[in-house]
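Novice: Chain order of the listed sequences is A and B.
First residue of the first sequence? That's 1 in our numbering, and the numbers climb one at a time after it.
First residue of the second sequence? That's 1001 in our numbering, and the numbers climb one at a time after it.
Hints are supplied without guarantee of correctness; some may be wrong.
A short list of chain A residues far from chain B (calculated; beta carbon distances all over 12 Å) [claimed, not checked]: (1) Gly5; (2) Val118; (3) Asn316; (4) Asp334.
For each label pair, taking beta carbons as the anchor points, the in silico distance ranges come out as [what the hints assert, rightly or not]: (5) B:Asp1226 <-> A:Ser332: 54 to 60 Å; (6) B:Ser1223 <-> A:Gly284: 38 to 44 Å; (7) B:Pro1016 <-> A:Lys207: 36 to 42 Å; (8) A:Ala325 <-> B:Thr1212: 31 to 37 Å.
For the chain A half of the interface with chain B, some residues (derived, Cβ under 10 Å), not all of them [as the list claims (entries may be wrong)]: (9) Arg7; (10) Ala23; (11) Gly88; (12) Ser100; (13) Phe134; (14) Thr212; (15) Gly213; (16) Pro245; (17) Phe289; (18) Gly307; (19) Met314.
What the hints contain is simulated information worked out from the structure, not anything from laboratory work.
Using N, Cα and C, we set each Cβ at its ideal position, and we do this for glycine too.
Protein chains: 2
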Amino acid sequence: MKSAGTRYGTHRVIEPAGALPQAAWKVDNNLPIDPSEMLIDVEMLNIDAASFTQMKEAAGGSAEGVANLILDTVEKRGKQHNPVTGSGGMLVGRVREIGSAYDGPIQAKVGDSIATLVSLSLTPLKITRIKKVFMDRDQVEIEGHAILFSSGIGAKLPVDFPRDAALAALDVAGAPAQVYRLVRPGMNVGIIGTGKSGLLCAAAARKMLGNTGKLFGVVHIQSIADEVAKYGYFDEMVLADATSPVAVFEKMNALTGGSLLDVTINTTNVRGTEMSTVLSTRDGGIAYFFNMATSFTAATLGAEGAGKDVSLLMGNGYAPGHAEATLDLIRSDDKLMKLFGARYSS
Amino acid sequence: MKSAGTRYGTHRVIEPAGALPQAAWKVDNNLPIDPSEMLIDVEMLNIDAASFTQMKEAAGGSAEGVANLILDTVEKRGKQHNPVTGSGGMLVGRVREIGSAYDGPIQAKVGDSIATLVSLSLTPLKITRIKKVFMDRDQVEIEGHAILFSSGIGAKLPVDFPRDAALAALDVAGAPAQVYRLVRPGMNVGIIGTGKSGLLCAAAARKMLGNTGKLFGVVHIQSIADEVAKYGYFDEMVLADATSPVAVFEKMNALTGGSLLDVTINTTNVRGTEMSTVLSTRDGGIAYFFNMATSFTAATLGAEGAGKDVSLLMGNGYAPGHAEATLDLIRSDDKLMKLFGARYSS
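In isolation and in its complexed conformation, chain A is listed as follows:
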């Protein structure tokens, strides 16, 4: 019988001892695989938005610079675990080998295309070559291999989606899945940030609200607000900078007649947006953080400092059935199909 440790990949942790692969500074990305593992020939990485934004800035907008940062991280850590943001992303590739003792949740044969649904921040990865960095969509085409543990979730790629569109959707599948759980008819709901996960959350929230409640979207650029409004999810677009909490609060306070939001979902990818989320939420409401640049102390001490009785939920990227639920959400909406198809076809 496999030990719990092997299921979770502790046998690949180089340092520190006793850690799980996500918390580890460095993991072993070498072959051969353990009998409990699955080996993937990787084709494309989908980098977490906060991580990609950080690397783009650090590289002064150069694709080659981003490529070098990725090579450097994977060389040092054995995984694409951004040391600044702490976040990862996901990958797609083809199954090369399945260990004899692999008993994980992925039903796939050798040669099948799959997407991982666990973070790159814990996935042993070796890169032979970076073929292309897609600067406008946080994706990186590579040659190399990745290793999945028996505990690692993943999904066969759907046949009705372009590969890279599926990858982009699955990377943020946790967010809309959690929105389905949190939003109830009649609620005031706010979504701060309207990138790909923000739009999926908005679509999910709209489905839950139907014609009831009110859905607000916070963005800081008029042209994006105009673009996003066309999707028809939002009752109202709010033009404000999410790093200016008092400005966001004042607008939300005015728009809701002082009752504020029942649920506020942060899907931005920049630092310093915790308190615009907290202050926009009513006492007794829920602030939900899907932004990987969220600071635990900024959220908790900020909420306490403002005397806000708000539940502070960290966005767990996993919920049962989240992959299928998110793909179905996109399938159900031509505008989302078009957005993902258009943005992510190579």
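Chain A is fixed; fit chain B onto it per the hints.
Specialist: Below, chain B alone, put in the same frame as chain A:
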């Protein structure tokens, strides 16, 4: 009318512009006060456990070294906001002046002893002199002043508690108050870390459980386990290192016959304990983080990586009535009264 910004103290933020005081790198700690503020002559700081532990280590265990770190932080930032841990603490002192436009929640007159219930990480503070660092109880006796905004919560000191005991209890008042909300009869509940906030959480959980359910305490030193067991809150003490998630999981799995915990509360003060909390919790359960050394990415990506469908709650230090509830909890239990009285009388 005061603007929302002034209520929250944005007028004292030096950098970055637009931030709230907690998120600010530096705040203005100078006099005179704004009409919306309250001025406190500070007597004692109660430093957050994660922050104090970090400073003690950085200073090699020297009280003078800790004092110098505090003086340096307050000089640079205008507040005791530990730049490494991001956390603060609380203070007690006497009201020196109440601004003509102060309309905050603290009902006190000039000369009254009060404790702040907002973090030192957002409280403008000036230190004239450090009189004594209490290395065994995370407290620092000082001379200086602090400034409270109208949004800042606080409480008059109770007459039946030694001052420093009240300060220590009020600093962690949010934790047991949240436990009252989360724990229901019949649950399996785990508390990782049994320092002062851990013991208060255990007492609160026991009250909610009564004779039902099971309460587990995780500590890594036998002598502490023996000491803590005497309080009678726990059904079982579990000897394990919270930074070794697989070890904690395996013990909890065995003790609960595989059903794991409904609610797991992390009250440790060290890094790397996120996943012992997550793995110990059943799918659908709640992992509650009161530890200020919690990493947002470690918790969220770790939970996803392990395919754990667990609600990840950040410990909000504020809940309505939390100060009185926590003092009442201590009052109701001679052992807690003795513990706080004995440890914190000077």
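Novice: It remains to establish, for every hint, whether it holds in the given structure.
Specialist: Cross-check of the supplied hints:
Taking the minimum C-beta to C-beta distance to chain B, about 5 Å, the non-interface status of Gly5 of chain A is violated against the 12 Å cut. Listed as outside the interface, Val118 of chain A is inconsistent with that label: its C-beta sits roughly 5 Å from the nearest C-beta of chain B, within the 12 Å cut-off. Residue placement check: Asn316 of chain A does not keep its beta carbon more than 12 Å from all beta carbons of chain B (closest about 5 Å). Every CB of chain B is more than 12 Å from the CB of Asp334 of chain A (nearest about 30 Å), matching its label as outside the interface.
Against the hinted window of 54 to 60 Å, the Cβ-Cβ separation of Asp1226 of chain B and Ser332 of chain A comes to about 59 Å, which satisfies the hint. At about 42 Å, the CB distance of Ser1223 of chain B to Gly284 of chain A agrees with the hint of 38 to 44 Å. Taking 36 to 42 Å as the suggested C-beta distance range, the pair Pro1016 of chain B and Lys207 of chain A conforms, at roughly 38 Å. Judged by the Cβ atoms, the range 31 to 37 Å given for Ala325 of chain A and Thr1212 of chain B holds: they are separated by roughly 35 Å.
Hint status for Arg7 of chain A relative to chain B: holds, with the closest Cβ pair at about 9 Å, below 10 Å. At about 6 Å, the closest approach between the beta carbon of Ala23 of chain A and any beta carbon in chain B falls short of 10 Å, and the interface hint on this residue holds. Because the closest C-beta pair between Gly88 of chain A and chain B is about 6 Å apart, less than 10 Å, the hint holds. The interface hint given for Ser100 of chain A is violated, since its Cβ lies 22 Å from the closest Cβ of chain B, which is over the 10 Å cut-off.
At a threshold of 10 Å, the smallest CB-CB gap from Phe134 of chain A to chain B is about 22 Å, leaving the interface hint violated. Residue-level restraint check for Thr212 of chain A is violated (minimum Cβ-Cβ distance to chain B is 25 Å; threshold 10 Å). A distance limit of 10 Å between C-beta atoms decides the matter here; for Gly213 of chain A the minimum to chain B is near 22 Å, and the interface restraint is violated. The criterion of a C-beta within 10 Å of any C-beta in chain B is met by Pro245 of chain A, whose closest approach is roughly 6 Å, and the hint holds.
At its closest, the beta carbon of Phe289 of chain A sits 7 Å from a beta carbon of chain B; the interface hint therefore holds under the 10 Å criterion. For Gly307 of chain A, the suggested interface contact is upheld, since its CB lies about 5 Å from the closest CB of chain B, less than 10 Å. This hint holds: Met314 of chain A has a C-beta 4 Å from the nearest C-beta of chain B, less than the 10 Å allowed.
This entry does not satisfy hints 1, 2, 3, 12, 13, 14 and 15, going by the numbered hints stated previously.
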